[in-house]
Amino acid sequence: MAQAIDIQGVVKRFGQKLAVNGLTLSVPPGELFAFLGPNGAGKTTTIKMIAGLLTPHEGAIHVCGHLMGTNGLLAKAQLAYVPDQPFLYEKLTGREFLHFVAEMYAMGRAERDENLTKLTRQLDMEPFLDRLGGTYSHGMKQRVVLAAALLHQPRVLIIDEPMVGLDPRTVRSVKDLFLEITESGGSVFMSTHTLEVAEAVANRIGIIHQGGLIAVGTLEELRATATRQHSLEEIFLELTETSDAPIEE
Amino acid sequence: MPLSKSNPVFEPAGLATLARVKYRILYNTVREVIDDAPVKIFATSGFIFLIWFALYALFLLVFQYFQNNDLQFVVAVPLLFNFFFVALLVLLAFSNAILTYGTLFTHEEANYLLSAPLRVGSTITLKFFESLFFSSWSLILLGLPLMMAIGEAYDDRGPLFYPMFIAFFLAFVPIPGAIGLLSAWLIARYLPRSAGKLLVGLALVCLLAVIVWGMRSVRDVGFVTNEWLDGFFGRMSLIQSAILPSTWVSRGIEATIENRLEDALCYLLVTLSNGIFLSWLAVRIVACGFLPAFDRARSSSGQVRRSIAGASGGVAGRIFFFLPRPARLIAAKDLRTFVRDPLQWSQLVILFGLMSLYLLNAPRFEMSDSPTRLSAFVPFLNLGAVSFILATFTSRFVFPMVSLEGHQLWFIGLLPISRTWILLAKYAFSMMVTGSVALGVMLLASYMLRIGPMATSVYLVVTFCVCHGLCGFAVGIGARLPMFQQRNPARIANGLGGTINLICSVVLICTLMTGMGYVTYRVEDRGITTDAPRVVFMIIAGVCLIGLALGTLAMWIGARHLKRIEL
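Here the protein sequences come in this chain order: A and B. Under our numbering, the first residue of the first sequence is numbered 1, with each subsequent residue one higher. Under our numbering, the first residue of the second sequence is numbered 1, with each subsequent residue one higher.
One should not assume that every hint holds.
Claimed, not checked - Listed next, the in silico DSS-like pairs over lysine-lysine satisfying Cα-Cα at most 30 angstroms (straight line):
hint, chain 1, residue 1, chain 2, residue 2
1, A, K175, A, K118
2, A, K91, A, K118
3, B, K22, B, K333
4, A, K175, A, K141
5, A, K118, B, K22
6, B, K22, A, K141
7, A, K141, A, K91
8, A, K141, A, K118
9, B, K22, A, K91
Unchecked claim - Listed next, the stretches of chain A that the computed footprint assigns to chain B, with coverage defined by at least 3 CB atoms under 8 angstroms from CB atoms of chain B:
hint, region
10, 73-84
11, 102-116
Honestly, the hints are just simulated from the structure, not real lab data. Ideal Cβ positions, reconstructed from N, Cα and C, are used throughout, including at glycine.
Take the sequences, apply the hints, and build the full model.
Structure representation (structure tokens):
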């Protein structure tokens, strides 16, 4: 069975700066993978390459067996991407936006309505779903965008900082949704600075620093590699305590 | 949540889906404006109608003048049409380039659509049509008055004149649209790091070239000498080249007016087929090379700026030496932002640059030897032009300044300074920018027109008062009706507060210009001198007082409201 996400030797440069340096990483179906790293480490660049927004200078990325690039449409049909700054059309209501998303993913009306009803309840969107997107708070936007990502039941969910701006109840609902996805065979690739969330829900954790993957494994495996064990926070700080200067080619 | 059923033959959504969502956005926007801001619709429609009517009157005047001349169709009308459509070709190409660059390479929507399973070609086609739709302002604002004026001036026009004119216009618009799309793509693909500056730079270079070319065409007047006429037509042949789309449209409209329908139809089909082909070609090229261009545009790393400013705000801070230290820093910060934003300073440079060029060439038109009535009238017109340019600038760039601080107000609100001083810092910055440019241009105008020290002083003082009034309105109304949640300055300027500010600015200018118009009328024989009637000086004092008082009142209202806002 193909990996949900398969990244092989990916390199990405921004001018002289090497943003991602030979990254190799696989995420199997049914796994929640937490992607950690300091600011500017290359997390968002990696995520954008997986989502097909940026093209690697070297290496290849497959999503559910489809090469992102030549088979980009098939790969994108299998995934959903939620950026750290959620995008919504300000002059569409949440419901209109979700209908648009359903149409883009060629969903039937019955399937769309069934999924929408369930997500509306789970993410508590009913009070604002028929208001224009421009009037939403950050948390409301985040919930609608998350619903848009999950509406077509993607096999891979890529999400950048999922918990920022959400109230504790919604955070709990989102965690439950993630578990539901992985239990049914889907994968979640989550970038976050909230180490407690990663510690609580991730099956495996990867730490990227200065464009390269410096550690990957379960929490227990990471503890085994670190000299000062205990919490994920301490492991993270130990592994990333080298210079923060960007790599120049 | 269960996974989606595997769909091995996934059929991506096409243009129809995107078009439907765009229609819905347009519908919701119009409905929201009708429900929430009917004043805005009224004001916008009113201004459009005013501009439309002024253009119609101008075109009609020109055509009626030509009608009294036997050579009208031989010389003047073809030239006028060519000028009009060449100018439109350049304007629309720039307008489309800026629009498509923004929507394809900088907006978050492009990010979203690219991550969705949509064909890139569908996204490009949508954005192309979107920019064509927004470019259609040229048809409403410029094309229709021209068409109506021709229709009014030429009774013997062919029966199909109106539908053919619109058909020509619609067939023509995709050509600059395609040029704009390709230009935006080329800039993103090969020059992403300075795209904004490059577009502004290109616009300035084109403008300069057109001005130099225009000046060469009319300088060294005697206008009516044979040498000048030969040289003039030689230069005009450039814009009448048979390969230019503007020439096809011009000749086609001429043929329609003269009821030569077969010729007109031929030109229409040439324009239409070229428009369709160029559009198809541009969309295909951009779709094929879009991802590398998008990648480059998005991959640009931010430019490191070395600031020479010290703790006191550096040179920018020293300019505002008269302000208390924290207010000085805020004003210096605004000045630095202004200098680093080409969109802001380029508008002032272009508009006042054009005006300065006209003033530098004024003596060539023998203005100084013209009848005294004209000498008195021209400075008055200069004041009007400067005032309206200032109003454009303050409405678009000064008004949103307080709202744009919304996200930093938690920080600025904690500074050891009253909010009134924050407002005064904004005022000081805007007065410094607008005042120095406007007073400089008015001083140049006075020098070139040799209007005497008394008149020069009067116009400088009045210009200062106009600046104060407009800046006071923009800052004061901006603080009274802020949009703290909005980060887009264009949207802030287009909101209710921005509309009210624009209306107030126009009313203020009209009021002051009415007073100065009366002064000009009273002193038309001698100009403003020390021995002018007493009433003239009283009106001038009244004009200044109105400008100063209304600007100060707006500032006071804004400051009072800002003090009461709970952050």
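Here is what the structure says about each hint:
With a C-alpha separation of about 16 angstroms, the suggested pair K175 (chain A) and K118 (chain A) falls inside the 30 angstroms cut-off, and the hint holds. A distance of roughly 24 angstroms separates the Cα atoms of K91 (chain A) and K118 (chain A); the hinted pair therefore holds under the 30 angstroms criterion. Simply put, K22 (chain B) and K333 (chain B) have alpha-carbon atoms about 38 angstroms apart, too far for the 30 angstroms limit, and the pair is violated. Distance restraint check for K175 (chain A) and K141 (chain A): the Cα-Cα separation of roughly 17 angstroms lies within the 30 angstroms cut-off, and the hinted pair is therefore satisfied.
A threshold of 30 angstroms between alpha carbons decides the hint, and for K118 (chain A) with K22 (chain B) the separation of about 27 angstroms falls inside it, so the pair holds. Annotation: proposed proximity of K22 (chain B) to K141 (chain A) holds, straight-line Cα distance about 20 angstroms (limit 30 angstroms). A C-alpha spacing of about 13 angstroms is found between K141 (chain A) and K91 (chain A), which places the hinted pair at or below 30 angstroms, so the restraint holds. For the suggested pair K141 (chain A) and K118 (chain A), the alpha carbons sit about 18 angstroms apart, so the restraint of at most 30 angstroms is met.
For the hint linking K22 (chain B) to K91 (chain A), the alpha-carbon distance of about 10 angstroms falls within 30 angstroms, and the restraint holds. Under a criterion of three residues with beta carbons nearer than 8 angstroms to beta carbons of chain B, the stated coverage of the region 73-84 of chain A is upheld, 6 such residues being counted. Residues of the region 102-116 of chain A lying with their CB closer than 8 angstroms to a CB of chain B number 5, which satisfies the three-residue condition for coverage.
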